[in-house]
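S.K.: What follows is each chain in one-letter form.
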Amino acid sequence: MERPAPAARRIPYPSGVPLIALRDLTKRYNGSVTALDGLTVDIEPGIVGLVGSNGAGKSTLLKILLGLLDATSGEATVMDLDVRTRGTEIRQFVGYMPEHDALPPDATATDLVAHLARMSGLPTTAARERTAEVLRHVGLYEERYRAIGGYSTGMKQRVKLAQALVHDPRLLLLDEPTNGLDPSGRDEMLELVRRTGAEFGIAVVVASHLLGEIERVCDHLVAIEGGRLLRAAPLDTFTERTGLVGIEVEEGAERLAAALVGRGVEARLDGRAVVVDVRDEGFYDLARDALVELELALVRIEPRRRHLEDLFRDEEPGEVPAA
Amino acid sequence: MTADATPRPGGDPPIPSGSIYDLGYRGYDGPRLGRRHAVGALFTHTLLSCYGIGRGGRAKIIPFVLAGIAVLPAVIAVGLVALARQAGQAGEFITDASPIRYETYFEIVGQIVALFCAAQAPELLGRDQRYSVLSLYFSRALERTDYAIAKLGGFVVALLALVLAPQIILVLGLTLSSPDLAEGLGENLPKVPPILAQAVTLSAVFGSLSLAIAAFTPRRAYATAGIIASFIIPPVVAEIAREVTSRDISRWFVLASPPDVIGATNAFFFDIRPDSSVIAAARHPGELYLAVAAIAVAACTGILIRRYQRITA
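Protein sequences appear in the order of chains A and B.
Under this note's numbering, read the first sequence as residues 1464 to 1786, first letter to last.
Under this note's numbering, read the second sequence as residues 1124 to 1436, first letter to last.
Okay, chain B solo, but in the shape it has when bound:
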């Protein structure tokens, strides 16, 4: 290759747009990492773009505002506890009375996760459909199913981050503000397994459900409305069913309501009484809710994959 064929990045002359100049072309002999790498790259890309990273500043506003709202109560709780502990004996009452606890936190962030889903899931799938970008993906090293799985994985992990960040703040804050570190660890570490279990359940159920809905329309507004409806309408139906039908019938409606199922698994993992009257009235064993959550995730994932098998690209 001659010297004039080697372009210098910094030295591009101001070239009027619309002209093609001969600056040479070089082949690529480096590694081609194939399908697995492509899926990994799409997963990472999805995870980051859920928070607007790698996109414009405006794309960061919604996710970061929601994440801020999710974290805020944890910060306040840790601050309160730290202050109360300085007050000595009297402070223990304040600590115990705080409404912001591990087992109540998922209730607090649940709404925010739902909003996050409604805002980000349509963007994640609809954009590629709206602008026919799928044909550029599917003509590459990855399969249609890979695309669906990578998007789902990235989104669920993004939700996990949203759900776990405040819990991590709580665990660290409460442990470190404890007068005795060993005692602090002893009190807080046992809470970690239920926190993780509930975080995974919540993220998987909400994430797969939102994407399964968002995959069916390139229109952002429809997808957002659909996701919000799927979070709001079933609990209302379950509540109405409890009012108007017998308990034998109404107790099954609870299982079709994602927020109630999530509330029930929370109670199950933390071994507490569910504070929702609907769940309490249904009197299902916790394992049943867990099974329903697993089936829901499997079904939504299946729907998502099937949708991408058939979508025109």
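The following block holds chain A by itself, in its conformation from the complex:
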């Protein structure tokens, strides 16, 4: 049964100010490697996907927002608080799920999460109650009294999410939350992220290199590449141009590709499959006819997991204005 979404909870910053505002944010490591290069973008509450290939600067950006790293130049504010000077205040209301393993194997999930809740400023009793609640919320039951060392990757990811949620943050920063999970684990984690953002009124920024994955839960996307903003826009403006479908045939993929191109369809070869950018529904009839005509044995037609390369295939980085 669907429960009505609670009214958006108060976020302690003035209205009219973006949740996260970045102005010309630049980060260079050791003066040479540029992780962020003049990034300027506003991020509003909701579920925002931060997409970019590995090394695009996603993790760096999240760490700067938390004050874990200092920016080389430029400005960043979270809830109208400057990350350079007001880090402690920001972090009281922000939950962070790091990309990499960050859990001591000898601690139990309950002990660790309760301890971290206190590190967020919660009184001891409240920390225990919130821990029980949040671990149940992420789906850890009897296991929570066992040492984390014996957990599966999926369970560890849940503990990481639980510790980010335990102090009931206003903003959740998730770095590759589906890392290392199997397909069903990914689905469950994504559903958890979606509900956290949509039903609980917590703003979420979720970083991922898999566009196909986070587009299932986000309402906005911010795409970065090489530390620069490619595009920031509501999700639907992205998906229009990313209807990729893979047609896999037993053999003769080249002939199929040629036939489709001959009919004016944008198609390219990818192993035994032909990848097509579907722009209108009529394509499926066209593909069926082509298959019959060439007498090819069809294995499957499926939507492709889209990578950023596909998304920005014919766009020059930096030329697209931010929405």
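Check before you lean on any hint, since a few could be wrong.
[What the hints assert, rightly or not] Under 8 Å between C-beta atoms, here's a sample of chain B residues computed to sit facing chain A:
| id | residue |
| --- | --- |
| 1 | Y1148 |
| 2 | Y1151 |
| 3 | L1165 |
| 4 | Q1209 |
| 5 | G1211 |
| 6 | Q1252 |
[Claimed, not checked] To spell it out: a stretch of chain A is covered by chain B in this simulated footprint if at least three of its residues, at any positions, have a beta carbon under 8 Å from a beta carbon of chain B; those stretches are:
| id | segment |
| --- | --- |
| 7 | 1542 to 1556 |
| 8 | 1563 to 1570 |
| 9 | 1580 to 1591 |
| 10 | 1659 to 1671 |
No lab work stands behind these hints, which were simulated from the structure alone.
Keep in mind that this is a model prediction, so the values were computed, not measured.
Built from N, CA and C at the ideal position, the CB exists for glycine as well.
With chain A fixed as given, assemble chain B onto it according to the hints.
M.R.: Here is chain B on its own, set in the frame of chain A:
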């Protein structure tokens, strides 16, 4: 919120692991006590985990065995004195001849404190580094410096407990076994200030030094080796220096040897002759050792804080 959204703790059905069920989520509107509370909580957590409290049974073995060894001589001494006092006049000789006294006790526990440092300091800092837990700490209400200070504070207080427990047993035991309580108090109470002063000095020097070393490696074995080396090598160097160089040069080596500095402050606080020949030969005033101890604590604390300012999280 509807009824089905309120989970019942006792009534969780056996749920296969790996499934997420909709049991609702509630916000938290209670107090957020902020940074100071977080630092206090980390301090307490550190203090307790030095003794393995709140951790598994195996984590308690080393600290409690060491604490037991530290306390044992005091218990024996008090027992002996009590028995001797019953023997009357002759017993006084035994009491006076006992090697276990306030001013010698720090010598006795010094080794144990060093072992405690070597065993627990790496665990205290290395674990969070080894498993990248620091990013979970530093993304919360506390600052990097807070983390270092809370860990140092918790560890030093844990050492104080280790050092003071046997002394408390001695003071109480000797006072209460005295035939006359007023006389017992008169004899033993004046010893309390030097006991406290030396306990604080010892704990602060050994604690800050051990953590300053342990902070630089996530590897437990390296940290333990480093700490043991810092307690063992400098006294040996000081001893060798005394043998091979002139006294004008060798006397300065003593100041770089933590156990010797601690031995000298002990002599200073209790106003006794140092029993170490190296310290005696150096002929520095007691105040100098005290100053060196203070500088060492400040330097180690500074190194520790700086390390945590720069560490990647």
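S.K.: Does each hint hold? Answer for all of them.
M.R.: Right, here's what the structure says about each hint:
1. Y1148: holds (5 Å)
2. Y1151: At about 4 Å, which falls below the 8 Å cut-off, the nearest Cβ of chain A leaves the hint on Y1151 (chain B) intact, so it holds.
3. L1165: holds (6 Å)
4. Q1209: Constraint on Q1209 (chain B) not satisfied, violated at 49 Å.
5. G1211: Given a least distance of 55 Å, the restraint on G1211 (chain B) is violated.
6. Q1252: violated (11 Å)
7. 1542 to 1556: This one holds; 4 residues, not fewer than the three required, reach chain B with a Cβ under 8 Å.
8. 1563 to 1570: It holds: at least three residues are needed, and the segment 1563 to 1570 of chain A offers 8 whose Cβ sits within less than 8 Å of chain B.
9. 1580 to 1591: holds (count 8)
10. 1659 to 1671: holds (count 4)
Checked against the numbered hints given earlier, this structure breaks hints 4, 5 and 6; the rest are met.
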